[in-house]
Each structure stands twice: as C-alpha cells, then as structure tokens.
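Asker: Chain residues, written in single-letter form:
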Amino acid sequence: MSALAKIRETFRRDQVFDFVNKQDYSRVDTSHGQILYVEDVSVSFDGFKAINELNFYIEVGELRCMIGPNGAGKTTMMDIITGKTRPDQGSVWFGQNINLLKMTEPEIAQAGVGRKFQKPTVFEHHDIFENLEMAMAGNKGVWSTFRARLSSEQHDRIASVMEIIGLSDCAKQRAGALSHGQKQWLEIGMLLMQNPKLLLVDEPVAGMTHQEMDKTGELLTSLAGEHSVVVVEHDMDFVRSIAKKVSVLHQGSILAEGSMDEVQNNQRVIEVYLGE
Amino acid sequence: MFYMLKGDRGGQALLLLLSIAVVLIPVLNLVVPEGHALHVSTFTVTLLGKYLAFALLAVAVDLVWGYMGILSLGHGAFFALGGYAMGMYLMLQIGDRGVYGNPDLPDFMVFLNWEEVPWFWQGFDSFWFAMIMVALVPGLLAFVFGALAFRSRVTGVYLSIMTQALTYALMLAFFRNEMGFGGNNGLTDFKDILGFSLQSDSTRVALFIASAVALALGYLACRAIVVSRLGKVVVAIRDTEDRVRFIGYRVDHIKLAIFTFSAVLAGIAGALYVPQVGIINPGEFSPLRSIELVVWVAIGGRATLYGAVLGAFIVNYSKTYLTGAAPEVWLFALGALFVLVTLYLPNGLAGLSKKKEAAV
Ligand SMILES: Nc1ncnc2c1ncn2[C@@H]1O[C@H](COP(=O)(O)OP(=O)(O)OP(=O)(O)O)[C@@H](O)[C@H]1O
Ligand SMILES: [Mg+2]
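Here the protein sequences come in this chain order: A and B.
Numbering-wise (the working numbering), the first sequence opens with residue 1 and increments by one.
Numbering-wise (the working numbering), the second sequence opens with residue 1001 and increments by one.
Hints were generated in silico from the structure; no laboratory data involved.
Keep in mind that this is a model prediction, so the values were computed, not measured.
Any given hint might turn out to be false.
[As the list claims (entries may be wrong)] Computed Cβ-Cβ distance ranges for the label pairs, DEER-style: (1) A/T85 - B/L1194: 57 to 63 Å; (2) A/T85 - B/Y1003: 41 to 47 Å; (3) A/S144 - B/T1155: 20 to 26 Å; (4) B/L1345 - A/K172: 24 to 30 Å.
Quick reminder that beta carbons are idealized off the backbone N, C-alpha and C, glycines included.
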C-alpha cells in the first residue's frame, strides 16, 4: 500500500471518530436464520442468581413460548434483552451484527426489539390515538419529533392498528380509562406501531376473558412469520393453543425445550411444576 | 398561523389581553394627561411590566414542571443570570456619570481599586452581545447541568435538591466582591438603555411593550412545543418515563432540550425585569425565590401555561399590595394561599375553568 493510501485508510471519515462510526441498527443481519442469540447470560441481585448461565436462540419468524414458575427469571430475561438490566456475564446479540449489551434502551427499541410489559404500561393521560402515534416507528430525535406531522399513510396505519386491537371506536378515549384487557391490547398495538422485528410479550392475556384470549392468540400467531415473537405466559391452555415450540425456564436457566407435548411429559418439568 | 392556540381558551384570552394592553397602556400613560381619571401612572406601567417578566418566568417553570414533571427549584438562577447579563450592559452605559466619574469603570470596581474591567465584562458594552449572553449564559448552564443530571438519570426529589444547590452556590458566589459582579449590592444606578433614559416615561412604556411581546412569543413557543408530538412525549415522560425509553425515545435528550429552552426563557425574563426595577443583586439567586416561583405556578395551575401567567400576576399583585400594607404578614399569606390551593384546588385557579377539558 502506498503511503498516501495508508494515510487515507487511517483517516477514513467513517472510522476516525468512534461516535461518527455508529452501529447501523437499521439492518439486522439474520443470514444464519437466528434473530436472537442469548449465550451464557447470568445476573444476580444481591447474591441471588436470577438468571443462571442462560442460553437460547430465537429463529427468524418463530413464535416461541416461555413458561416457568413464578420467579423463574422470565421478566428478568426480557429486561436483559431490552437493556433495562445489565447482566454480570454472557452475551446477547440481535442477529449476527448487533450487540445488544452495548446499547441503551431506546437504541435497542430503534433497532427493532419491541416489548410489552407484564404490568400493562400505557400512557394514561393520552388518548388511544396518541398512544399509538407516539409509538410509531420513525425518527425519534428531539427536533424531528417536534416537527412531526401525521401523513395520511401514517394516519391509515394508526387506524388499521386500532382496528386490529379492536379499539377503533374509542380513538379519543383516554388510555387510563380502559379495562385491563384493553390496556393489554393497546400495549400490543403500540408494539405493532413500532414495527419491530422481534417482539417480547410478557403475560399478554392476564386479565382477559376467554374470547379476548382467543383473539390475542390469533393476533400473535398471525404476527409470527413476518416478525419473531417471544411470549411469556402462565396460562397453559393459552400456551397450548398457540405454541409450536416451548421453553421451560427454571431458576434462571432453560430446563427443557420442545413441543408442548414433549415438554409436558418431561420428567424434570413435571417435578418442578408438581414440586411447587 | 396560531394553530398552537387551538382549543386553548386561556391562551387566547391571554393573547387578546396582551394585545389590548400593548395599545391601551401606552395611550393611557403617554397621551392621557396626568390628573385625568383614566391616566395610568408610569409607576403602574413599570409594575405591570415587572409582572409580565415574572409571568414569562412562570411559563418557563410550568413547561418543565407541569408538563415534564421536573420540579426545578433553581429557575431563579437562570432568571438572575439573564438579569446580570442585562445589568452588565446597563452598568457600562453609565460611563462617567457614576459617583466616581470614571468613564471606564463601574463605581464598584473603582471602589475596589480595580485597574480595568475584568475579561468577562468584555463585550458587554455592546447591546447585541449582551442580548446574546442573556440567552446563552443561562442556556449553557442549564445544558451542562442537565446533561450531567439527566444522563445519570437523577430524578424526583434528588433532582430538585440539586437545582436548589445550584442556585444556592451561585448566590454565595455572586455575594463575593472578588467575583466582579458588585457583590452584595449587585448592579444598580442604571442610567440608560440604547441611549434612552431609563427614567423617561416613553422608555418605561417601551420596556412594558417589550415585556408583553416577549411573554406573548414565549407563550406561543411553549404552546407550539406542547401541542406537537414532542409535547405529548414530554407529558409521557412525566407519567411513565421508562415506557418512553422502550418505544425508542432518548429521554435524556428530550429533557435536556426542554430544560435548556426553559432556562433561556427564564434568562430573557430576567433581562426584561432588571431595567424596569433598576437593580439586580444576589438575592435573586436565593433558594427561597426559586421556591416562590413554583408556588406561583401551583396556585395558577400546572400544565396549562396560562395558569402560570395567572398565578404570577395574582401572587405578585398580592405581594405588592401586602408588602405595602402589612409587610410582616406577606410570607404567611403566601404560605396560606399555597396550602389552601393545594388542598382545595389541586389543579390551581386554572382548574376552576377547565373541569371538563381533558386534563393533560
Ligand atoms: N431488580 C431486582 N432486584 C432484586 N431482585 C429482583 C429484581 N428483579 C427480579 N428480581 C428477582 O429475580 C427473580 C426473578 O424474577 P422475574 O420477575 O424475572 O420472575 P418471573 O419469571 O417473571 O416471575 P413471574 O412469573 O412472577 O412474573 C425473582 O426472585 C425476583 O424477586
Ligand atoms: Mg414476570
């Protein structure tokens, strides 16, 4: 290499300053078929190991159910993936190219990981339309958000999501006034607006009637394929109705993985659940 | 053009009143002769101008507290810094008309036996430079303070205490003569602004108009933020900060932008206040002053903007009245008013009229 070329290489605009050389979150590389790699992750709270050398992978377009007794670490696992909790060890990659452990919560969300919380959290003082509008994918910088105006396509998109979550009739209703089940759906709707590649859904049917559960099940299965979905749920009937592959979490690590039938006949799983 | 006032009855009323006042008050002061029943004295004009500056300050506090949920107990500091920047300009306009007659040095520097004005006074003899500093100095301080605090996610009571500490530290610093801001006495004895005498009626009227225009523009700017998507996100941050992060917003950036903007508004308010009252001293940095601002907003009604204006006017009018009639009861009266409003009108006075409107 000539001296000039060397200098050019050293001073390449995209490499001189680290902050100029930002990770490109818009393109997650899933050429190996996996969208999420969780490897050897541990975290402890005051000496208590909530997650213990956890390993699992999520395939592109997969719908994965995670079950496990109370305190197994299911919510903590989601906290780690979404950047809320930093693990003591291990690695979490989104596709092959995005290291989630180096990113902040908003960066992870922008990269395409959406999350529904166990306790439904919506913006109670805003109406349904506004909740969805704020969640909508797009440039979320300060100035762009200030200048944002709804285009007619975006308007239609919000309307169609309201349709999907069955809240079309109450666009102007304050989210705080919704029933528990409706809040769950609104939160799922906010997830959809973000258009994430990976959805983490924590206990989506808590507080829902059977009918509502069926609709939620349909919605989640229809999302799989285009999106990858991880559902944590206690309700076994619900899990049975939607699951292809189930992982059982126990004391912070995967105890068993397989179809619902395989898992239910697994001796160790039976012990854990009966031993409760 | 005024899309931001859509649905904001209080704001529409405010803008209407301001437009009327800007025409009427000058006429009643300058045209209607003294002694006539309709004459408005220059004293009153200046008093109103001072209230307008306070109202702008209250709007700035409401933006960060009412909408974003950050209880800043240090906004008096930004106000005072804007005031000092204006005061420095006014000091340098005095020239050789000071007590010591030194054309280059303000009186207090002559008194301290200084040879020349310190470096940080350079440039303040230019009005435009000083006006830039009015916005820049409070803005920069808010930016640095906010960047540190918001990045490390200091919130709630801890943040409020930090803002109190900030203004307290500045007060102690400005009290010191070596700081070069006139110490205890602050900056005073101003003569003129842009060549116009500060004693003349027309200058007083002009300052009143400038304050009214600044309040109107500041109000519209805050409304523009509040009705935008950014404003919705700001309220969402107040309600559930975590959730906002998980839908992809940089909460620290948003807080920083709003906090800094609010500090700039407070600085402008301070710059309008100083030529009208004729003095700025370190007392403006006192923690109690900043707490008082918050009380104005609480009494007027949070998260409405016009409520802040209302609160600033009512409290300051009562203060003017009471400190004349019975100075020793003022603090008790303020305390009682605050307690009564918090107990019986949790949404402040603005809450009286806006029962039905969807509260933000
Ligand atoms: N921030 C924290 N500090 C201390 N302990 C925590 C924290 N977060 C979680 N834990 C503990 O870690 C364990 C796992 O909690 P986690 O919420 O992940 O369980 P889970 O599987 O979601 O349970 P559930 O089905 O009840 O929602 C629990 O024992 C919990 O008390
Ligand atoms: Mg949980």
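Asker: So, for every hint listed, does it hold in this structure?
Answerer: So, going through the hints one by one against the coordinates:
{"no.": "1", "hint": "A/T85 - B/L1194: 57 to 63 Å", "result": "holds (58 Å)"}
{"no.": "2", "hint": "A/T85 - B/Y1003: 41 to 47 Å", "result": "holds (43 Å)"}
{"no.": "3", "hint": "A/S144 - B/T1155: 20 to 26 Å", "result": "holds (25 Å)"}
{"no.": "4", "hint": "B/L1345 - A/K172: 24 to 30 Å", "result": "holds (27 Å)"}
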